[in-house]
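J.: Construct the complete structure from the given sequences, taking the supplied hints into account.
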Amino acid sequence: MMQVGWGEGLEQAAHYLNDQENPVTARTASCYVTEFAPFYLGEALPLRELDEGDVMPWLMTDYMVFYVAHIQSNALDEAIVRYFRSVEPEHIIHLKGIDYAWIYRTPQALPEEIVPASHVRWVPFGNSILLLGYDINKAQSNADKLSVTLYWRCLHPMEQNYRVWLKLVNGVYHIWGQEDSIPVGGRFPTSIWREGTVLRDEHELGILPGTPPGLYHIEVGLYDPQRQESLKPEGDGLLLGPVEVERQQPSATRHLDIQHPLVASLADKVLLLGYNIESGFRPGDGIHLTLFWQCLEEMDRDYTVFTHLVDKQGNFWGQKDNEPADGFYPTRQWQASEIVRDQYDIAISPEAPPGEYQLEVGMYLAETGERLPVLGEGVDRTQRVISLSPVQVAGR
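In terms of the numbering used here, the sequence shown opens at residue 10 and continues consecutively.
In short, the hints are calculated from the structure, not lab data. Any given hint might turn out to be false.
In silico SDA-like pairs for lysine to any residue, Cα to Cα no more than 20 Å straight-line [said to hold, decoys possible]:
| id | residue 1 | residue 2 |
| --- | --- | --- |
| 1 | Lys-329 | Ile-355 |
| 2 | Lys-329 | Glu-211 |
| 3 | Lys-176 | Ser-200 |
| 4 | Lys-278 | Asp-389 |
| 5 | Lys-154 | Pro-292 |
| 6 | Lys-241 | Gln-169 |
| 7 | Lys-329 | Glu-360 |
| 8 | Lys-154 | Lys-241 |
| 9 | Lys-105 | Val-77 |
| 10 | Lys-241 | His-226 |
| 11 | Lys-241 | Ser-200 |
| 12 | Lys-329 | Pro-292 |
| 13 | Lys-147 | His-226 |
| 14 | Lys-147 | Val-181 |
| 15 | Lys-176 | Lys-105 |
| 16 | Lys-176 | Asp-144 |
| 17 | Lys-176 | Asn-146 |
| 18 | Lys-176 | Arg-256 |
| 19 | Lys-147 | Glu-211 |
| 20 | Lys-154 | Val-77 |
T.: The structure is reproduced here in structure tokens:
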């Protein structure tokens with residue numbers, strides 16, 4: 010098809026708009042803006058998507074001018090063109106029996122069908138920011154990262170510079186990856202957003218090494234670090250997805266951020282490589298414990314992990330037993346050499362007296378209660394628990 014039009018007829022579009030009410034204060038987005046602007050009395054903007062920043066600058070205009078050459082060459086976003094072709098133009102410029110330019114009034118409300126997100130979902134954050142939708146893909150730079158694109162619209166200008174945080178969470182909201190940044194890679198802080206601006210905000214969300222395969226969601230929020238205040242989404246929180254995380258390749262232990270490394274074998278089926286734990290506990294607090302397992306051989310049974318907080322007399326003051334990864338990744342699904350990150354929240358009894366306690370972990374069969382033996386040089390063959398570092402619980 011021979012392309013028609015190199016800007017001719019746009020002066021007629023400008024003259025038409027100059028005859029409308031208050032042309033000097035009007036704003037128009039136009040194709041071939043350099044050919045259109047010299048004839049137009051108002052402010053002329055390019056009708057195109059920008060590589061960064063505002064992806065729909067025309068939303069802040071009063072009129073839009075489409076041109077035949079851009080339609081023929083598919084230079085404009087297909088969804089935008091499809092939407093405007095479905096509505097009646099205010100005026101058409103004809104030359105030599107051909108429609109050269111179409112003039113539309115810019116819609117006051119953003120039509121949902123032209124939002125550039127693959128997942129359209131409108132969620133207000135206060136009265137200033139609206140999430141229009143999102144895209145989630147595997148990051149091209151790293152297989153253990155997710156590429157998350159958020160589409161924001163500014164409803165009202167604001168003074169605050171909100172940061173965007175993302176968390177990869179499972180069904181009980183344990184965190185398996187997180188990211189925190191100023192929107193659009195730090196180039197567009199929210200304090201400079203103009204009303205009507207639509208921004209494409211790209212993030213890479215790293216997946217923690219050892220994260221089990223399965224379905225997860227991405228929790229999204231905004232907060233003001235200066236005032237330590239959150240801008241809450243409408244509802245009880247915002248979860249995107251679900252997104253499927255694939256089984257990771259076994260990592261070298263130096264990549265696993267293990268704070269307390271050790272090597273303890275359970276029946277030569279699985280190794281405990283180490284653990285992470287916080288400090289500074291009081292009665293009634295929760296202990297967040299992360300265990301790092303390595304599968305030595307594929308298992309035909311589903312084992313339950315126990316995590317017990319005991320005193321020197323062996324009394325229990327807290328425990329959490331479940332199959333690995335909050336029950337979402339049973340040991341029967343593990344593959345040989347695979348490393349599994351496994352998180353637990355152990356509630357300390359409110360009645361626990363101050364002092365030193367021991368954390369004991371291991372695995373057992375739920376149907377029989379039989380624990381796997383701890384194996385290793387110099388280990389008592391009757392040992393069925395792995396003792397971690399002592400835990401200090403302060404007084405109330």
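J.: With reference to the structure, classify each hint as holding or not holding.
T.: Consistency of the hints with the structure:
1. Lys-329 - Ile-355: With a Cα-Cα distance of about 6 Å, the restraint between Lys-329 and Ile-355 holds, given a limit of 20 Å.
2. Lys-329 - Glu-211: Distance of about 38 Å is beyond 20 Å: violated.
3. Lys-176 - Ser-200: violated (24 Å)
4. Lys-278 - Asp-389: Holds, at roughly 18 Å.
5. Lys-154 - Pro-292: violated (38 Å)
6. Lys-241 - Gln-169: At roughly 14 Å apart (the allowed maximum being 20 Å), Gln-169 and Lys-241 satisfy the hint.
7. Lys-329 - Glu-360: holds (17 Å)
8. Lys-154 - Lys-241: violated (26 Å)
9. Lys-105 - Val-77: holds (13 Å)
10. Lys-241 - His-226: Status holds; Cα separation ~18 Å.
11. Lys-241 - Ser-200: holds (17 Å)
12. Lys-329 - Pro-292: holds (16 Å)
13. Lys-147 - His-226: holds (14 Å)
14. Lys-147 - Val-181: It is violated: about 23 Å lies between the C-alpha atoms, which goes past 20 Å.
15. Lys-176 - Lys-105: violated (58 Å)
16. Lys-176 - Asp-144: holds (15 Å)
17. Lys-176 - Asn-146: It holds: about 15 Å lies between the C-alpha atoms, which stays within 20 Å.
18. Lys-176 - Arg-256: It holds: about 19 Å lies between the C-alpha atoms, which stays within 20 Å.
19. Lys-147 - Glu-211: holds (12 Å)
20. Lys-154 - Val-77: Given pair Lys-154, Val-77 is violated - Cα atoms ~42 Å apart, limit 20 Å.
In the structure shown, a violation is registered for the earlier hints numbered 2, 3, 5, 8, 14, 15 and 20, in ascending order.
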